[in-house]
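Chemist: Given chain P, put chain Y in place with the hints provided.
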Amino acid sequence: MAAIGDNTGSTDEDLVHALAAGDVSALEILSERHSRPAYSLALRILQDSGWAEEVVQDVWLKLWKNPALYDASRGDLRRWLLSVTHNASVDGLRGRRGTSVRRDGGAVALELARDTGEDPSESAWKSLQAERVQEALAELPPSQRQAVELAYFEGLSQSEIATRTGEPLGTIKTRVRLGLEKLKRSLERVGMRQ
Amino acid sequence: MIHEFIHEKIGAYAIGALDRDEVPDVEAHLRECAECAQALAGYRRLPPALNLAVPDAPLPDGFSERLVRRATERQRPVAMPIPFRRPPVRDGLHRYWQRLGDALLPWGLAAACLLVALLATGRISELNADLSEHRSYRAQITEVMASPGLRTRAVEPVNSQVQGNLFVSKTRDSAVLMCTGLPPPEEGRVYQVWLTGGGKVASAGTFKTWSSGTYYFLVHPSEGLAPYNRLRVTVEPEGGSSAPSGRDVMRARF
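For the record, the sequence lines run as chains P and Y. For the first sequence, position 97 matches number 97 in my numbering, and the numbering has no gaps at all. Here my numbering runs 1000 ahead of the position in the second sequence, where the first position is 1.
Hint data in this document are derived by calculation from the structure and do not stem from the laboratory. Think of the CB as a built atom: it goes at the ideal place given N, C-alpha and C, for glycine as much as any other residue. Any given hint could be a false lead.
[Said to hold, decoys possible] One-sided excerpt, in silico: chain Y residues whose CB lies under 8 Å from chain P:
#1 Ile1002
#2 Ile1015
#3 Gly1042
#4 Leu1052
#5 Ser1064
Bound conformation, chain P alone (with noise of 0.2 Å):
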């Protein structure tokens, strides 16, 4: 397998042509850049560490297996990682719960913003957006923020919502609708417009 040299400071996309092209010190350098956040994702719908790993891993396989499966025109390497661990993880609930896997399959990903390039203050500012997005669902009320969180951390539509909590459909419908339109007008407010 031919190496392509040392791409410690390569940018993702210059490391997802070098995976293409067979270097797997380039999954390798991907991997220890952009798995933990995947991780941490994974770990939170699954609940089972050893689940989320394989999942993650899964993710970054079908990567090396098939290089084209990300298209940087698209967005940028960890937005998709996320967006696509985040369907594989929830598919996987789903799975072992009986239920029909999600519709919105890869959609989610092929929707995103154009954000290319490293910058050094670029973790700092993944940092805060993360913290941005945590107060945002703080500010939720919590009944909101449960159904919010039920819906898109663990599956759930918004029917199994409303068995899981014992509460009306048309509650449930109008907690979500209200927490997603919050959410959307805070992370607005705040400059997260991507």
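Modeler: Same frame as chain P, now just chain Y:
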């Protein structure tokens, strides 16, 4: 009335919280209603944001090492889709060896069988030449894809489900066509890559895909890429054609 009814569901649709039976109506309405489509675009920002809103958890020790081990335990797909690039088939025996080599070499488990067959027929020198050519071809692709300032162009499928990118290197005056989802051509057919520009059409070579449907094709015309602004791939008879004659399967701009 329908609009208001659907509009209220857009947020739940964006995060995948609708029940399955609600989705078709929402998607049908989204195709017709610009206002709802715009609202959806706003809600599409939420999933990437929510993905960040989780407690930070340290990676388990040895995570990346285990990942690399799993990757290297598997057959590296790049080694499979980049086949030998040979001149057109010369005779029946040569064709036989081409097919045998193409089919078995990427899989290590088959190497022993191939070795026995080659020893029995005294054709090992030909195989070595093929392997050398194969390695050289891969090395050229690696060089192009690792070159600075590489530009990425999306491949446009034509009557096919193919996905891929065209990686264009100015410094190497070359390009790599990477595609996936391209089924093996019919018996007696190959895919042929064409370069077009300024009224000129030139063949860049032929290739076949296997079951993986993934392929890397090096575009390195002797006159460079400057005369060309487009690439197209057609299905042609084995051995290639002098001009495009079969159906198109994909195209891309340089």
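Chemist: Please list, smallest to largest, the hint numbers that this structure does not respect.
Modeler: 1
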